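For the protein sequence lines, the chains are Y and F, in the order given. Residue numbering for the first sequence is -17 to 222, as defined by our numbering. Residue numbering for the second sequence is -17 to 222, as defined by our numbering.
All clues stand as given, with none of them false.
The list treats identical chains as interchangeable, and a pair is accepted whether it falls inside one copy or across any two copies.
Mimicking DMTMM-like on lysine to aspartate or glutamate, the simulated pairs with C-alpha atoms at most 25 Å apart in a straight line are:
#1 Lys18 with Asp58
#2 Lys127 with Glu147
#3 Lys41 with Glu123
#4 Lys34 with Glu23
#5 Lys127 with Glu113
#6 Lys18 with Glu202
Calculated directly from the structure, the hints in this document are not laboratory data. Small disclaimer: the values here were computed from a predicted structure and weren't measured.
2 protein chains.
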Amino acid sequence: MTMAADSKIRLHELVLENGRSASPYVWRIRYALAHKGLAYESVPLGFTEIPKAFDGRFKTVPVLEMGGSMLGESWDIAEYLDREFPDTPKLFSGPAELAMVRLFEAWFLWEVMRRLFGLYALDVHNAARPEDRGYFRRSREARLKGTTLEAFTADRASRLPATREALYPLRTQLARFPFLGGASPNYADYIALGGFHWAASVGTLPLLARDDDGLRAWLERSMDLYGGLGRDPRLKPLFE
Amino acid sequence: MTMAADSKIRLHELVLENGRSASPYVWRIRYALAHKGLAYESVPLGFTEIPKAFDGRFKTVPVLEMGGSMLGESWDIAEYLDREFPDTPKLFSGPAELAMVRLFEAWFLWEVMRRLFGLYALDVHNAARPEDRGYFRRSREARLKGTTLEAFTADRASRLPATREALYPLRTQLARFPFLGGASPNYADYIALGGFHWAASVGTLPLLARDDDGLRAWLERSMDLYGGLGRDPRLKPLFE
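All chains, please: the whole structure from these sequences, using the hints.
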């Protein structure tokens, strides 16, 4: 079967000043596409380019473009990919796995990503393209009710222990299985990896302790997935 | 097919003074057996009867007895039930769902059950059979490095807000799905229910705020499962 030229997949991504894709939600879809063996073209966008790029239709990336149509929201994209490409490896074996991954995501956003934002909010600002920094600061400081990014992250080192503790359930799981999804990686791995990619793209304070062997082994295995998709010399160290 | 008389299932359970089965791990298996439509006979045991009952072979319940053989550890029992009764509804649709439920359990034990123990350790003692209380106190206070159960729980009300916050991911999930497992309950529901049954079996301090509607609706639905298996007039209120 020959694919029509317009069925080529384009993935609209958020990039930093150094060109690296940094959004944890975009990384989910990068891994989802790799999981399914689907080739795609990256379309890099800065924070302030996103609303303009889609005439206001999407305010966030990822946005998947395929066959002339556009789809936003990482969960909608992931489910769409499983429906649209039923002959490629499935992201979700069925509705129960999907529900469980959503429950995992709820935990990960609440206990982990919130804390990571508290560590790296200023680092994201500083790593953004210069023309995006004003927007990033204004929008995030508004959410912080006027606290500056500098004040918000000033005592961040003191919050490292609680952040590392919050990762404990991942370590429990990785003492049992090579991946969060079990014997092979699933969308829960991609969600967590997205968070770690985001932290490693910007973080000037290493997230993890040197002796965090369980997480280190999983991160090494995971960075190697799909021909080393996650490997990038621009990454900052995740370990002290 | 006629089952041999000795293939009858017996579930060894931990009971309180009032006769109620209280172990969160036993409740998982009670729900697992109900999920699979398997009848069983309960064998009630107090804390101090458990080691004697099995000649030291099992130190904890649940213990499943079937066809003359005994099996401990709730995870081993759950997986055994799916293997042994392949024609009844499955607990796990496959290895990915099972791995995700284990990850959920790791989170639930770490963020929720630890906190519940901090709220209800003394209540468990007081609800235990009188002849079990000394053992319960000694073994738990040893784990607490000598802190008494009274001192450990003295300021428990001040820890309610953090405990309620820790349940946030459940609320997120239950805003999307009727059960943690999605459209229908799965083993993640049974794990969480086990925790709530334990709290409601002993707790003299209501765990949840009156307006916690998401959790309330799920608890009502869940208590009704399998002919109201969870309903029991001896339960203490979970809501303020």
